[in-house]
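Chains A and B, in that order, give the protein sequences. When you line the first sequence up against this note's numbering, it's residues 1 to 492, in that order. When you line the second sequence up against this note's numbering, it's residues 1001 to 1353, in that order.
Please note that a few of the clues may not be correct.
[Claimed, not checked] 25 Å max Cα-Cα, derived DSS-like pairs, lysine-lysine:
id, chain 1, residue 1, chain 2, residue 2
1, A, Lys339, B, Lys1008
2, A, Lys288, B, Lys1065
3, B, Lys1158, A, Lys339
4, A, Lys298, B, Lys1309
5, A, Lys296, B, Lys1021
These aren't lab readings, by the way, just hints derived from the structure by calculation. Bear in mind the structure is a predicted one, so any value in this text is a computation, not a measurement.
Here's the letter readout for the chains.
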Amino acid sequence: MPSVQAGYAPNLGVFLKALKTQQLEASIEHLISLLKRRQIRNSRPCAIATAHLLLRVVARFKWTDIGKLLQRIQEVGQRLVEAQPKEMVVGNIVRRVLGMIRDEAKEDRSEDMSDTASITQIDSPQRETSDPAPLRTIGVSTATASPLRFGASNAPGSTDTDSDDGSARTPQGGHRPPLMTSHTSYAVLNGLPVQQSMFNLLSATPSPLSTPPQQIDSPQAGSGINAASVAQRVAASSKDLKAEVISGIEEIIDELDQVDDQMAGYAQEHIHSNEVILTHSSSTSVQKFLLKAAEKRKFTVIVAESYPNDHQATHAAVTGSVAPDLGSSEDTSLEMFLKPLTAAGITVVLTTDAAIFAIMSRVNKVILATHAVIANGGLIAAAGARIIAKAAKVHKIPVIVVSGVYKLSPEYPFEFESLIEYGDPGRIVKYHDGNLVDNLEIDNPLYDYVPPDLVDLYITNLGAHAPSYLYRIVADHYKPEDINFHKPELQF
Amino acid sequence: ATPEAPKKEDKTVELFRHLYKPRVTSIAGAGKDVHPAVLALGLQMSSYTICGSCARLVATLQAFKKVIESYATPPGNTLTRHLTSHVLSPQIEYLAACRPLSISMGNAIRWLKLEISKVDIDVPDAEAKKGLCDAIDVFIRERVTFADQVIASSAVEKIKDGDVILTYAKSSVIQRTLMTAHQEGRKFRVIVVDSRPLHEGKHLAAALVGIGIEVKYCLINGLSHNIQDATKVLLGAHAMMSNGRLFSRIGTALVAMEANEADKPVLVLCETIKFTERVALDSIVHNEIAPADELVIPGGPLEKWGDVKKLQLCNLMYDVTPAEYIQMIVTESGNVPPTSVPVLHRLGNESQG
């Protein structure tokens, strides 16, 4: 009996619990089947489940090198995306994790690189000691190019740089390094790799130039120490890297937790008192947003019920009850019960989707929730959102979309119909209506594509943006090489 | 002191406060003057058994025929002076209490009153009554039955082979048009868009499927997906306003808007009896508010909505479609653009005398 096995209603909560005990491969299969059977659906639960699973993948991964880890995550991500390609957040989270790993790896590598850079720098004077003239010019230019080490290069050993230094030091009083002292240093600075000079700026190690005599004395010893330290560092950093990747994923999970509250923080900037706001369907993000605004302002909310797919959730949200069939699957330990807007002193008017045009002329703002946002600034939202946005456009009413950045997908399909999922026609015509069911073609789309020109403003956890700016946020969050990670044929 | 019952919260939506009217849903409290035929009709109207604008018009006139047939002028009175004020008025009031009168009903009642006032005082009762009943029959035939035939045959001309006709909710004249077109052997598909709470489109879809037309059925949330497939949009009307706007079942404006955006021609099929000299700019000044409880789904979370403070349900019946979304109005007097509505209306009234 399912009722005896309490908690085995397959949903996000159960999955997260099972994740702690299950084998990794079993967990992956578990999530895939939950996604396929739509037992985890909607953006947030999918995102949370994906992030937790990837956390386990990283934690269990036997560390060899970054490439293998990336490959492993790509492979898991690909399977998840294939399980439910229309939940675009799954792909987004995988991309975020991949990008984060790449960032960490790059940081790590750049540390290594700067190590090797210092080695070459040490090497170069060694090689050039045979000819003193080039050494001198390099010494001059490097000393002037790294002003912070000015004092160090001013050490007794570096008297050979006095001609340039003297002219620079006198006006500055010896403490402030000159910005650009001479044309020669400018030219040579351009010739040097920027990373190297940046590293020199910040490094506390004694300058190789300040100690050329010692280097000449023991050239082999110096490089040997460096090589050993590099090897040591690589070994240490791979362990650090793993910890950092894990903490990075945990940060993403935290972000998923906080995203609604962050967006709600902007609420009072966008809602004035006595406003009439139209919203559609039910969404935790929008509800939190409006609740936050209700702390300071009195306004009216008109809710379109989004029949036939989300009306129960909408009705439950406005009455403050838990919808019978959604109560178990939507409710997770992470998501607390939200009080209805009416409890916050807001007048809520529930109406049918058909009445939107009739009342739009008295609406001040339309606030829409999303399922996914795509890079061109368009969005995928509950079916009916498009006619609402269009009716708002016709009446010149601003349309605001409240969406966490995690819903923002870098994918940009040419055929928007491919993003639309179709639902159970039995919700429109009941199966006992035999004659109709047999002869009628019934269409029940779950989602609508709303083009960017119908949206005036996006509010994400990063702030408010114009739809045309979203591509920039996409670029900030995803690495270009990860965009098509789930399509091996598009990878080069 | 007895504990006071908690004051019932006012559930009227502020914006539509002027539209709320208590609705009679039983014969309890009906005036004794109300004729049984009208009593029955009132209940049928309030339960949407008789729903469409034209159906209500015809049913009302038929009921009034019965009222007139059973009428006898009291001694010392004349039919002309007595019938309208003392007999018809209570009937009309009762009907209006059951459900606000449609604009076509208003037009017909105005015509009937005029007819009664034209009856010569010297004409004997029986003859006058017969004359009125005949006039009602002619009126129904001319303004509704024949008008529908003319509209249907003229609209069928607009349906070509391979067309995909999108229509919203249910209109008897559209049903007739589509059925005629099918019988004439035209090959076309129909998309029926529908909405809560009346689901009238389902009846249309069932009727069309019954005679073998290929029908796709969706609710208004699927509108933007299906509008692309359509080649023409046919809409029914509750009334045509003098400023060319269409007053029709709630949701019609959305369909017309989407059709306009997708560049699909919008044809309104409307008898001239539905034309009115009234104008409308929005759907709020003049409209009909249906009881909010009709939105409650049995067993759903809304059942206890009355206990939730500050929660209101809004169940509008009609909306106003801007004239620029309408390409053509098909009437029994010809096909006209929305700008010609006031002209046709005047012509119709003048011909009535």
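So, going through the hints one by one against the coordinates:
Between A/Lys339 and B/Lys1008, the direct Cα distance comes to roughly 22 Å. Compliance with the 25 Å bound is thereby established for this hinted pair. Only pairs whose Cα atoms come within 25 Å are accepted, and A/Lys288 paired with B/Lys1065 is rejected, the gap being roughly 60 Å. Taking the CA atoms of B/Lys1158 and A/Lys339, the gap is about 54 Å. The hint is violated against a cut of 25 Å. Restraint check: the Cα-Cα separation between A/Lys298 and B/Lys1309 comes to about 15 Å, which is no more than 25 Å; the hinted pair holds.
Restraint check for A/Lys296 and B/Lys1021: not satisfied, since their Cα atoms lie roughly 35 Å apart, outside the 25 Å limit.
The structure does not agree with the numbered hints 2, 3 and 5 stated previously, though it agrees with the rest.
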